[in-house]
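**Q** Each chain, written out:
Number of protein chains: 2
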Amino acid sequence: MENADIAALKAKNPDHWMKATAIRALALDAVAAANSGHTGMPIGMADVATVLFEKHLKFDAANPQWPDRDRFILSAGHGSMLIYALLYLSGDKQVTLDQIKNFRQLGALTAGHPENFLIDAVETTTGPLGQGIANSVGFAIAEEIQRAQYGKKIVDHNTYVIAGDGCLMEGISQEAIGIAGRHSLGNLIVFWDNNNITIDGTVELSDKTNQVQRFKASGWHVQEIDGHDPEQIDAAITAAKKTKKPSMIACKTHIALGHAAQDTSKGHGALTDPEQLKAAKDTWGWDYGSFEIPADIKAQWEAIGSRGAAEREAWEARFAEVSGQKQKRFNRAYAMEAPNKLSAVIKALKKEVSEGQPKVATRKSSEMALKVINAVMPETVGGSADLTGSNNTKTDDLGMFDTNNRKGRYIYWGIREHGMASAMNGMALHGGIRPYGGTFMAFTDYARPAMRLAALMKIPTVFVMTHDSIGVGEDGPTHQPVEHVAISRATPNTYVFRPADTVETAEAWEIAVTTKTTPSVMALTRQGLPTVRTEHKLKNLTAQGAYVLADSEGKREAILIATGSEVEIALKARDILQAEGIGTRVVSMPCMELFAEQDESYRRKVLPAGPVRVGIEVGVRQGWDQWLLGERGKNGKADFVGMDSFGASAPAGQLYEKFGVTAENVAEKVKAMF
Amino acid sequence: MENADIAALKAKNPDHWMKATAIRALALDAVAAANSGHTGMPIGMADVATVLFEKHLKFDAANPQWPDRDRFILSAGHGSMLIYALLYLSGDKQVTLDQIKNFRQLGALTAGHPENFLIDAVETTTGPLGQGIANSVGFAIAEEIQRAQYGKKIVDHNTYVIAGDGCLMEGISQEAIGIAGRHSLGNLIVFWDNNNITIDGTVELSDKTNQVQRFKASGWHVQEIDGHDPEQIDAAITAAKKTKKPSMIACKTHIALGHAAQDTSKGHGALTDPEQLKAAKDTWGWDYGSFEIPADIKAQWEAIGSRGAAEREAWEARFAEVSGQKQKRFNRAYAMEAPNKLSAVIKALKKEVSEGQPKVATRKSSEMALKVINAVMPETVGGSADLTGSNNTKTDDLGMFDTNNRKGRYIYWGIREHGMASAMNGMALHGGIRPYGGTFMAFTDYARPAMRLAALMKIPTVFVMTHDSIGVGEDGPTHQPVEHVAISRATPNTYVFRPADTVETAEAWEIAVTTKTTPSVMALTRQGLPTVRTEHKLKNLTAQGAYVLADSEGKREAILIATGSEVEIALKARDILQAEGIGTRVVSMPCMELFAEQDESYRRKVLPAGPVRVGIEVGVRQGWDQWLLGERGKNGKADFVGMDSFGASAPAGQLYEKFGVTAENVAEKVKAMF
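Protein chains in written order, with the numbering used here: chain V, -14 to 659; chain E, -14 to 659.
Okay, chain V solo, but in the shape it has when bound (with noise of 0.2 Å):
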């Protein structure tokens, strides 16, 4: 675009034009006292979010979490500056011009990229890219669930994305894209930055995909409009929401529009050339100081903000309305409380199961904990990536969630397991709505990118990952994790819960729907277990991540540590020991954080120093050590018995036999150790 085009812009729309050039402004000059982020993406996307802003995002600034404001999501959140640009102009109380002034410096609120849980106006982490546009299709499901629950009253609003070339061509997108598609989210309004450009050069180098074919073939409304023109923009913004199809807006935009770097690769990145800088500013007709917001154009901005809190204060009015039961329960579930009853009924399970130690996989374990919780807790939505039946995942009362059944509270998410775990954190994100869904273990990998952003953004989504070992079986090693259960264990602030039977897997469930900032991953096993916790007790010990589940008979001279299915190895490896008078301790330890979360005192009465110790897993050593060598272990008084390779193809019980799996070869090493 030429230098007289833009004035000509600027010229047909002059209110509009100064509105969106301060987000231009703030961007150029942002990055360039960081040194560092992205320029070119809020200059070329300002226009669009300027008129998104002014007519047609419903929010309040000075409320930025109302449950019923529309959901505005940066999945494009290399360009975090748009972002807060918008949220100091329209003046929300976190993002001040000081945080403007302290773009990505330390301790500030506007980090690199944006944070939900640094900023309350920021509804989702993004930065990965794909993952806002798969997040915002779970925003649209926990909106269209929660209307059906609530009314068109009290749950009524959009789902707004922008997404950048990079976002569209991460295979993400195309889950993403594929599930709005089938559930006609109406409510979902896509912009597409359609700039040409990614980092390596322009788009061309890597694609030549027709996305506006590629949307309609999933059946998604599309728009293709200048980015750059308010009126196209408004219009389409207008179409979109009566659309009841998801709709996708192709803005063709200019990328560092007015500045030197316009158009190139170099205009994606850090802008910082002073002189360039205020050539920007001269091309836009900008002729302010660096960080300087005219007050009138400030003002302007801030009626912006402030439009919203008359329709706040409606939504309070008509919720105020609602039954008193019905209003408790919104409220419970965006506070993400438990109801009172949940306690009650996981301990009559624990009850039920210890009495009748029924001899289950913990997959089916965990569907008799989810009957219990789902007939209590109607915030939970669940679903498989086509694996219901191996998952156990549903039970009978969720329904299916449909186009004609949006009181539906299951999901079929097809075989899209990183699309399911990105729109579960949407769900988590949006507030209400507690999600959990399933998968085989060893897919864990492709829902990863997801499931360490619920840990970074300290939301409780609930990852089911069925056969969780060598237990698969015949299915061989390509589904048989070894190393996925250590790679959640390696990533903070994650719960990773290996349950040894029915009791532990419903306490395990307790924690994962009671836990307010901490996702959970729930390992199960595809075969049977026995009940292992025969004696019921009230309290729930799987908190404390590890317990003494069988004490040593006379002097205690090992201490066995198992987790799920190696638990029972771990008592029979005790018969033998006991049997030849070796006094022997078997430990349950079904979630590692958890036990290092416990005080000393606890950890050394569970893991005294002296005694030899084995640890009994079906997966890599890693992460191990610390339990077996730490905590008052000693080097050489220490051994593992688990997996050092991938697995095998075969019946389950032969492959325990053949990596040693055994409880023979833990009594074995055990006593090698005296």
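Keep in mind that the hints were calculated from the coordinates and are not lab data. You may find that some hints are simply not true.
One copy or two, it doesn't matter: identical chains are merged, so the pair holds either way.
Unchecked claim - Using 27 Å as the maximum straight-line C-alpha spacing, the simulated DSSO-like pairs for lysine-lysine come out as follows:
1. LYS619 with LYS540
2. LYS344 with LYS251
3. LYS344 with LYS557
4. LYS251 with LYS349
5. LYS283 with LYS78
6. LYS237 with LYS201
7. LYS443 with LYS643
8. LYS201 with LYS229
9. LYS251 with LYS356
10. LYS(-3) with LYS356
11. LYS230 with LYS193
12. LYS356 with LYS(-5)
Quantities reported herein were computed from a predicted structural model and do not represent experimental measurements.
Position chain E against the provided structure of chain V, taking the given hints into account.
**A** Same frame as chain V, but now just chain E:
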């Protein structure tokens, strides 16, 4: 499809029918015998596979690894009995009838999913969905590059893929489709098994994407056929071979054709009911016992298997005519042997660096190594997922792979880490190519499924992961790996290199491009690092995994073990401690896996009993206790300086301070243990 229709199919093409039904019967019998597996897919795709093998696939069953064969990839790997049946019938030497009878049993080559490392004729390991179709893009690129290098007389084959609905729902398929479309990979032909069934039910349950439109949007040639009509199949393959675009043939099929479970999700799994099995065989007109293939049908199939022998011989004759130098280069590349010159150029680089002692980021060091490697190894193919300038993966001599420059050895993958990783695996599997590709290390998560498969498949793909810690700085925690080095270390058969300077980086690369059965992960810094290997050694010290970089002066009281960017910190801590009279050894540990492979006497020499130990790595501790507490270490006499949370957004130096990864802190930890 009704029984009468099946009878009509049979009547119309009786010879074809019986050949195809031999596949069906073997799949039915083998899955029933194993009581495990997937029966319906091989039954549904038997017609397509039969026509492909009989009339088009260039292969010689007696020589499954002949370089110019067509490649056949079963992306829908759960239908493994399809490929095992095809191999047995056509006379593969490994896949005998006994192997078919032992489907999925311990020690059998006929694993649950097809595994390239068990059967020569299996091109790639599939099962995790979408991988096969993404691998195939790499196969097709490898072929194009080699055709440009060696001429059409030597390299001229097709890559055929069978993909199911699951493959097409996985996001990675979109990345693969985009890459193939962009590069007009005309020799790539994908059959979509359009049976409308997934495990959870019909496809409509989770998707309504128009796949034809979707593939066309990315520039593919698309045909739609009846997947049970041999004439249509034949004509479609003929047309697909002619077009210069990648081809997708949508094959409308009936899963479990002729079985009671036809067209149902039950038909997707293991069909084991004896009466239904008998009835299906009756419907097919297959009057033979379990695992029985009539001699005439077996003979027809064996004729198909030997059909390519003449073509192979003709190829061998043509190959004998090319220059000796080209033959040698071709054979060397296929044997994965490094050229003689490699060792010398690496040594020369090491010498130059040890003398010049530049301070550079190891991502830049990596580029320096690649410069000398790429110049002597024409089999390397580089690339990046849109971070070329950041990953430093492009050397000037490579040239950009493009539709008009098939000789180009550098691929702009776009923002597609997963597709890149999986396509790289395909290139390695094709033979004759050593692929490497870059992204940010935090996006290991996106590439994980393919990185795991590289390890499982025993192929030497190189993953160049730059920006390997909080040293990333202002981009913040979304872009700062803290657990990813641990994640790759948790994976069996993976070398994780975290070099401390250019010398170690060159050594790591030397190992990565000479190893034959292990993938490598290069963890490289964004930030500049001093040269720590200031004394030139001919020996590749990194090959030992860890070594004494600076020994203690005076009594050895402390050992600091560090990797990558923290070796500099260890050396500074050593200065502090030595100044206080505390004899301190610094061990650089660029590759834990290689150190673990050394004999105990070497490991003891590097890590003797006695001194206190501190590990330093700006990532999670998981994986470190093996060296701190194990290997003659002692509880209470070992500590770790690193990360136990996600990072933050700020300049890198400030983050190292904030998280306490400093020489001063290391020295304090050492002293606290006395």
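**Q** Checking against the hints above, which ones are violated?
**A** Per hint list: 10, 12 violated.
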